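Visitor: The chain contents come next:
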Amino acid sequence: MKTAFKSMIAAAALVAAAGTASAEGVGIKKIGLAVPNLQADFFNQIKLGVEGYAGKLGIEVIVVDAKNDTATQVSQVQDLLTQGIDAFIYIPAGAAAAAVPTRLARAEGIPVINVDREPEGAPGDTVIYGENVLSAYQVCDHIIGLAEGKGKMVVIHGQKGTTPEVQRFEGCKMAIDENPGVELVAQQWSQQWSPDEGFQIAQNMLQANPDISIIFGQADGLAMGAAKAVEVAGLADQIVVGGYDGDGAALESLVACDTPFIVTATQSTQAMGVLAVNSAIAVANDASVPARQIPNAVLTTCDDAAKFVEKHP
Amino acid sequence: MQSTEDTNSAMIKASSGLRGAFSFGGATGPLIGLILLCAFLSIATDSFLSFRNFLNILDQITVLGIMAVGMTFVILIAGIDLSVGSVLALSMMVLGFLNVEAELPMAISIGGALVASALVGVVAGLLITEFKVPPFIATLAMMSIARGLANMITNGSQIIGFPAWFNMGAIIRHGGVLTTTVAVMLVVFVVALLFQRYREGGRMLYAIGGNPEVARLAGINVKRATVLTYTACAALSGLAGVLLAARLDAVQPSSGVAYELDAIAAVVIGGTSLAGGTGGVGGTIIGVLIIGVLRNGLNLLSVSPFLQAVIIGLVIVLAVAAETFKHRNK
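Chains as they are written, first to last, in our numbering: chain A, 1 to 313; chain B, 1001 to 1330.
Hint data in this document are derived by calculation from the structure and do not stem from the laboratory. As the structure is a prediction and not an experimental result, all values here were calculated from the model. All C-beta atoms, glycine included, are put in the ideal place defined by N, C-alpha and C. Hints may be right or wrong, so weigh each one.
What the hints assert, rightly or not - Residues from chain A shown here face chain B by an in silico Cβ test under 8 Å; the list is partial: (1) V64; (2) D65; (3) T70; (4) Q78; (5) D79; (6) T82; (7) V100; (8) K160; (9) Q191.
With the hints as constraints, model all of the structure from the sequences given.
Guide: Set out below in structure tokens:
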């Protein structure tokens, strides 16, 4: 944490020295941001964080959206490099988290800041990702607590093999294992972390196990889809649903608090965008950045969702 | 209307020179579109018109280019193949399984991947010819089956750990120009053009697409040719999968979703009629280039991703509308 703090100070000092809106002073003029899929609010929030903060510093940001296709992303990164970007913020698309974009950027000698996921075998200068294990534990612990520590539980996973999918299950499993009264009766993987997948998967699970009382969706989209399926099945009284990410729509749903979806873990997405820009500036100026920067997610219930709706962290 | 006809005949005259070598039949419109697009992008951005960017575009269209060649043959015989994206994923997963998990040599693994892909095509072809399942339905079924099989190989996970030279084949430019993967694409293009132009089999496709019954009466074994066409299309998709694996240095079963739509779009933009019998590989190559240049150019122009999707849709509509308009004037 000490080094993280140092690099932040360094970046902040550089920014301060540069004065307002003078990109020359911070050492980079143009940042390329490769995003897997802007349809997902989580990535969109990071993009907004990067754009908002970089805009204040007078840095141009070029955003490309891979629509969840790794091959498209490699092509887009080639195009970013053609445009002469000075730093590359890379959120790999898909589970394979292709190492190729990192190699391409490295060949140009450009700082590579990974966000959310990191390709195996080709690390960037730093990786920024939301803490998953502990926060997922808290979400599952909360919903299991509401079910009085017993009952049948199902988990709707994200895209199989991705870091958040693996780690969020690891955290949730800890909470399940602590409660012998809870039985994990089914789990299913989605491809896109999307609400319609959550709805379908939950509907099928409810068909097979109508006596479920706890559902954990590994993303808010999945959880909200599942909550809708619960309502459709008329089981809203017996089931609690937990989500993850703190998406805009999810937080608003929590404020209203009128569905079985009652808790999530809000990630500091906008802060991650700011952190990514600061890290890019630091690396470009040869300041050291920690290999891993892991902002916490905050457990968010119906009671405290309102403040995050007002200003997303 | 007079002037339009004049322009048309001028276009036909201009293209007749090209036809001597390679048939660009019906593709003069797209060719002009491509040239205009390149001219516009050269003026609008300072990074488009460079040798390096041109090589990037070739890299970027490799997979689509090879799939679109197979799709052209299928559409020429008035068929459709919706399974190519899934076949690509199946090929990648078989390759990854054989090479990384089973530790077989790359040559055998690639062979295995191509055979697995071709088999999907054989089954689709037999469904269409022997069981009279419409091509749309038969390949829709194969799309689902191939995707499921691709997922079953690793239970949905990705495979990484190919030998280092494999990825280098997609990165190192021999003589500063051609990566191995682009070279493979160019070979596929040339072979397909020559086959279509000079081989009996190539001419047969047009006959079948024009009227299968007449083709049969003329002594063409329509069933055999149909099965072979779907097999070739699937095998080419498998080859595209191998090249994509090299480009990404990783394989995952969710690759290639909706690629069939890109391939069909490239074929249609290139002037091949979905009704079969007219068009060809020459036009498809131009269609592939248009899509590749457009995507590259929109990125270079920093056009918002959402607007990009709208523009690409408009271009597809424009290309097909222009072609229809041309035919009506004739």
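Visitor: For every hint, state whether the structure bears it out.
Guide: These are the hints, each one checked on the structure:
no. : hint : result
1   : V64  : holds (6 Å)
2   : D65  : holds (3 Å)
3   : T70  : holds (5 Å)
4   : Q78  : holds (5 Å)
5   : D79  : holds (4 Å)
6   : T82  : holds (5 Å)
7   : V100 : holds (6 Å)
8   : K160 : holds (4 Å)
9   : Q191 : holds (6 Å)
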